[in-house]
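*Asks:* Sequence lines, in order, name chains A, B, C, D, E and F. Counting from 1, one number per residue, gives the positions in the first sequence under full-length UniProt numbering. Counting from 1, one number per residue, gives the positions in the second sequence under full-length UniProt numbering. Counting from 1, one number per residue, gives the positions in the third sequence under full-length UniProt numbering. Counting from 1, one number per residue, gives the positions in the fourth sequence under full-length UniProt numbering. Counting from 1, one number per residue, gives the positions in the fifth sequence under full-length UniProt numbering. Counting from 1, one number per residue, gives the positions in the sixth sequence under full-length UniProt numbering.
Among the clues, some could well be false.
Stated by the list, open to error - The following residues of chain A were derived to be distant from chain D, with all beta-carbon distances above 10 angstroms:
hint, residue
1, K20
2, S30
3, E36
4, L41
5, D46
6, M61
7, H69
8, A107
What the hints assert, rightly or not - Derived contacts from chain D toward chain C, CB cut-off under 7 angstroms, selection only:
hint, residue
9, I115
10, Y116
11, G118
12, V119
13, P120
Claimed, not checked - Heads up, incomplete: computed chain C residues facing chain D, CB under 10 angstroms, no partners named:
hint, residue
14, S30
15, A50
16, M61
17, A63
18, S114
19, G118
Hints listed in this document are in silico derivations from the structure and should not be mistaken for laboratory results. Even glycine gets a Cβ: it sits at the ideal position worked out from N, Cα and C.
Chain by chain, the residues:
There are 6 protein chains.
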Amino acid sequence: MLFTAFFKEAEVDPKEIAKKTGKTAKLYFSTVKEEEKPYNLWRHFDKELAKDMSLYITGQMYAREKIPHQTRQLVTVAALTVLSKPDELKLHTHAALNVGCTKEEIAEVIFQTSIYGGVPAANTALTVLKEVLEERGEE
Amino acid sequence: MLFTAFFKEAEVDPKEIAKKTGKTAKLYFSTVKEEEKPYNLWRHFDKELAKDMSLYITGQMYAREKIPHQTRQLVTVAALTVLSKPDELKLHTHAALNVGCTKEEIAEVIFQTSIYGGVPAANTALTVLKEVLEERGEE
Amino acid sequence: MLFTAFFKEAEVDPKEIAKKTGKTAKLYFSTVKEEEKPYNLWRHFDKELAKDMSLYITGQMYAREKIPHQTRQLVTVAALTVLSKPDELKLHTHAALNVGCTKEEIAEVIFQTSIYGGVPAANTALTVLKEVLEERGEE
Amino acid sequence: MLFTAFFKEAEVDPKEIAKKTGKTAKLYFSTVKEEEKPYNLWRHFDKELAKDMSLYITGQMYAREKIPHQTRQLVTVAALTVLSKPDELKLHTHAALNVGCTKEEIAEVIFQTSIYGGVPAANTALTVLKEVLEERGEE
Amino acid sequence: MLFTAFFKEAEVDPKEIAKKTGKTAKLYFSTVKEEEKPYNLWRHFDKELAKDMSLYITGQMYAREKIPHQTRQLVTVAALTVLSKPDELKLHTHAALNVGCTKEEIAEVIFQTSIYGGVPAANTALTVLKEVLEERGEE
Amino acid sequence: MLFTAFFKEAEVDPKEIAKKTGKTAKLYFSTVKEEEKPYNLWRHFDKELAKDMSLYITGQMYAREKIPHQTRQLVTVAALTVLSKPDELKLHTHAALNVGCTKEEIAEVIFQTSIYGGVPAANTALTVLKEVLEERGEE
Numbered sequence: 001m002l003f004t005a006f007f008k009e010a011e012v013d014p015k016e017i018a019k020k021t022g023k024t025a026k027l028y029f030s031t032v033k034e035e036e037k038p039y040n041l042w043r044h045f046d047k048e049l050a051k052d053m054s055l056y057i058t059g060q061m062y063a064r065e066k067i068p069h070q071t072r073q074l075v076t077v078a079a080l081t082v083l084s085k086p087d088e089l090k091l092h093t094h095a096a097l098n099v100g101c102t103k104e105e106i107a108e109v110i111f112q113t114s115i116y117g118g119v120p121a122a123n124t125a126l127t128v129l130k131e132v133l134e135e136r137g138e139e
Numbered sequence: 001m002l003f004t005a006f007f008k009e010a011e012v013d014p015k016e017i018a019k020k021t022g023k024t025a026k027l028y029f030s031t032v033k034e035e036e037k038p039y040n041l042w043r044h045f046d047k048e049l050a051k052d053m054s055l056y057i058t059g060q061m062y063a064r065e066k067i068p069h070q071t072r073q074l075v076t077v078a079a080l081t082v083l084s085k086p087d088e089l090k091l092h093t094h095a096a097l098n099v100g101c102t103k104e105e106i107a108e109v110i111f112q113t114s115i116y117g118g119v120p121a122a123n124t125a126l127t128v129l130k131e132v133l134e135e136r137g138e139e
Numbered sequence: 001m002l003f004t005a006f007f008k009e010a011e012v013d014p015k016e017i018a019k020k021t022g023k024t025a026k027l028y029f030s031t032v033k034e035e036e037k038p039y040n041l042w043r044h045f046d047k048e049l050a051k052d053m054s055l056y057i058t059g060q061m062y063a064r065e066k067i068p069h070q071t072r073q074l075v076t077v078a079a080l081t082v083l084s085k086p087d088e089l090k091l092h093t094h095a096a097l098n099v100g101c102t103k104e105e106i107a108e109v110i111f112q113t114s115i116y117g118g119v120p121a122a123n124t125a126l127t128v129l130k131e132v133l134e135e136r137g138e139e
Numbered sequence: 001m002l003f004t005a006f007f008k009e010a011e012v013d014p015k016e017i018a019k020k021t022g023k024t025a026k027l028y029f030s031t032v033k034e035e036e037k038p039y040n041l042w043r044h045f046d047k048e049l050a051k052d053m054s055l056y057i058t059g060q061m062y063a064r065e066k067i068p069h070q071t072r073q074l075v076t077v078a079a080l081t082v083l084s085k086p087d088e089l090k091l092h093t094h095a096a097l098n099v100g101c102t103k104e105e106i107a108e109v110i111f112q113t114s115i116y117g118g119v120p121a122a123n124t125a126l127t128v129l130k131e132v133l134e135e136r137g138e139e
Numbered sequence: 001m002l003f004t005a006f007f008k009e010a011e012v013d014p015k016e017i018a019k020k021t022g023k024t025a026k027l028y029f030s031t032v033k034e035e036e037k038p039y040n041l042w043r044h045f046d047k048e049l050a051k052d053m054s055l056y057i058t059g060q061m062y063a064r065e066k067i068p069h070q071t072r073q074l075v076t077v078a079a080l081t082v083l084s085k086p087d088e089l090k091l092h093t094h095a096a097l098n099v100g101c102t103k104e105e106i107a108e109v110i111f112q113t114s115i116y117g118g119v120p121a122a123n124t125a126l127t128v129l130k131e132v133l134e135e136r137g138e139e
Numbered sequence: 001m002l003f004t005a006f007f008k009e010a011e012v013d014p015k016e017i018a019k020k021t022g023k024t025a026k027l028y029f030s031t032v033k034e035e036e037k038p039y040n041l042w043r044h045f046d047k048e049l050a051k052d053m054s055l056y057i058t059g060q061m062y063a064r065e066k067i068p069h070q071t072r073q074l075v076t077v078a079a080l081t082v083l084s085k086p087d088e089l090k091l092h093t094h095a096a097l098n099v100g101c102t103k104e105e106i107a108e109v110i111f112q113t114s115i116y117g118g119v120p121a122a123n124t125a126l127t128v129l130k131e132v133l134e135e136r137g138e139e
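Hey, can you work out the whole structure from these sequences and the hints?
*Replies:* Okay, here's the thing in structure tokens:
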């Protein structure tokens, strides 16, 4: 099938996506400090692309209803743990707690990944989890 | 706290762990071909260590009841996707399907990780998922 | 700035993006076999998401005119080399050649990355380059 | 061979492993600050699993007598260097020095890995080595 | 072809390489602080090897005239972004700006790599770019 | 210290390095098939750079006498295992065996790295070791 043929029928409604983006961003990241949001970093360099990226990531990916938000955040924690991305993991530890995951579940996911991505990556992630819990007063 | 002091009280019951290991291995990997099981590879080089590793990984980690087996397998799929480990992912795609995850859920987890670990890693994982589904006749 | 406020003004024209996506995809990937295109793999699992991903990646990212297509492909070759993603690298080696990069330039980029991502990753990439050149009869 | 059949004969003696764990931990990590030991981080989240992990990693893996402790620590330095895990590398730089590796040998191992894991990863590791040596007054 | 036979004809002129090394190092890294140069870290551990590494990396790799210095630095930025090496990226962000790349081009390269190496790695790189620009007063 | 000043005194003797390169290459890789040697791949794209890379890697790095060849190969096995580079690992498994490491030692190094780089990476490496041993008839 040709790309050109296929995309003629593109019927994405940007207003609908913008609405979903705002709603999902609020659900996930309301407890994250403004200066820690990647969106502001993107905007610093390119406002239009920042919008495109947010609409795509938050509005078209996170807002999908194929798996519950809790599962989505736990698999995100797993991915960011083995990738050793503590800054991004901080955001999604907040998101996981904000959508109702318990700290025990988040810790368990991190421990589980130690088999695949190694123990040092899990240690870094547990340290992030500990800090986020302290920051939220949920220890 | 001193290690020596702490571990004096170690009360791991090896028989109990061996039982859990067997039960969990059966639940997860009954559809995996014998020659694709890492356990046999480990045994080839060191029988005693192979036993220790299985007891630890399957009996002491996978058998924990802190999160449902479905969640455990989905986070494992996420970790193996971003780590780009197609052989191991094959085993856990089987395990995920064997504990009741749907193919749509597994695909969704892989798509979600493309934001964190990149699109090429997700493509490799989707290819593995497609092959496992074909192998099982579940397409 | 609030997400909700910001995105109210979202003015993405999906028809325009669909057009750019088709044009850029043709420019880059016309020499790539249909079954090697990730787009078809995505469609296999989720047609709507496949469309969203193509519109975003090809239409909103690759089609940007901030750097020449040649530079865009060479930096992509560098990224895929150090990430050791030979399948995806194959696609972008085609794209690099299709937009006018020479094989000497592509090889030089790969050699350069050996300092950062190590020599084995560069070796894998040179092997891919060699295969693509043979496939195209450009050796 | 069936798992269940195989593990019936499991004859791990937990007391013996606990003893080995304590002895090996002391040999390796006596110079590491208490708050930098992963063991305490694991305990913070799950005391029982922390014990299981220590018994497995330190008692069943590190304590094996297949290669000398010096070789074991040098290969660990190599692995942690290319994985870019400076916190864990700090622990094992201590361990390497504690079991008798010289600083010249540790530096040489790090330099050697620059061919495989790239120069930036080696630079991070050399910085860790420099800091540990300063901390120990062994510069 | 035998190694021994081939290398009999080795006609590398070390004086010529030393000259190229100095010239290229000055072109790239004149704005980098002395204590941030890996060369000094290498020298701390092994003076002779530090020389060999500099002659090879800077004199024999960077000084090659197969691609323009701007392209060389942009592909380096791409590689260091997906490898998540912020310290080394800092050096090459300086180098990229010093050989005439604009901040818009550097940002674009980083955004482009987010498709391959993931968004978190790109975020780390954009933060480095922001800091280097502030340090240079070029924001 | 200025680069230009420092390198004026560069006293590398290219003939001496060429000799060391040939000798070390023979010691390590005499059992490796010609078409599997990276050197030939490099030569395919750039004969002069191939020579520079060989002189640097084999003549200036591997030939250093700071650690025994056996240790050098075991740390290389560790690095290539956690980096998941099976092709390169094959070369250095040959090299390790050629300089006198036993298969038990190589397996032990791979098992040890599973703690740091994860079990799937170790599994890939054990598979390579098994294949090399079969190829050499040393099982």
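*Asks:* Any Cβ of chain D at or closer than 10 angstroms to A107 of chain A, or is the non-interface label fine?
*Replies:* Answer for A107 of chain A: violated, closest chain D Cβ roughly 4 angstroms.
*Asks:* Hold the hint about V119 of chain D up to the distance rule: shortest CB distance to chain C must be less than 7 angstroms.
*Replies:* Where the cut-off is 7 angstroms and the nearest Cβ of chain C is about 5 angstroms from V119 of chain D, the hint holds.
*Asks:* Does the no-contact call for L41 of chain A survive, Cβ to all of chain D over 10 angstroms?
*Replies:* 22 angstroms, holds
*Asks:* Holds or violated: A50 of chain C as interface residue toward chain D, Cβ cutoff 10 angstroms?
*Replies:* Violated: closest Cβ of chain D sits about 34 angstroms from A50 of chain C, beyond 10 angstroms.
*Asks:* Let's test the interface hint: is any C-beta of chain D closer than 10 angstroms to that of A63 of chain C?
*Replies:* 32 angstroms, violated
*Asks:* Run the C-beta distances from K20 of chain A to all of chain D and say if the shortest one exceeds 10 angstroms.
*Replies:* Consistent with the label, K20 of chain A stays out of reach of chain D, its closest Cβ about 34 angstroms off (over 10 angstroms).
*Asks:* Could you check that no beta carbon of chain D comes within 10 angstroms of the beta carbon of S30 of chain A?
*Replies:* Fine: 25 angstroms to the nearest Cβ keeps S30 of chain A off the interface.
*Asks:* Find the nearest Cβ of chain D to the Cβ of M61 of chain A and say whether that gap is larger than 10 angstroms.
*Replies:* Given that every Cβ of chain D is farther than 10 angstroms from that of M61 of chain A, nearest at about 28 angstroms, it holds.
*Asks:* Take the shortest C-beta to C-beta distance between S114 of chain C and chain D; is it under 10 angstroms?
*Replies:* 8 angstroms, holds
*Asks:* Quick check on the hint: G118 of chain C CB to chain D CB, less than 10 angstroms?
*Replies:* 5 angstroms, holds
*Asks:* Against chain D, is S30 of chain C within 10 angstroms by beta-carbon distance?
*Replies:* This hint is violated: S30 of chain C lies away from chain D, its Cβ roughly 34 angstroms from the closest one there, beyond 10 angstroms.
*Asks:* Quick check on the hint: I115 of chain D CB to chain C CB, less than 7 angstroms?
*Replies:* Since the shortest Cβ distance to chain C is 5 angstroms, the answer is holds.
Checked against the numbered hints given earlier, this structure breaks hints 8, 14, 15, 16, 17; the rest are met.
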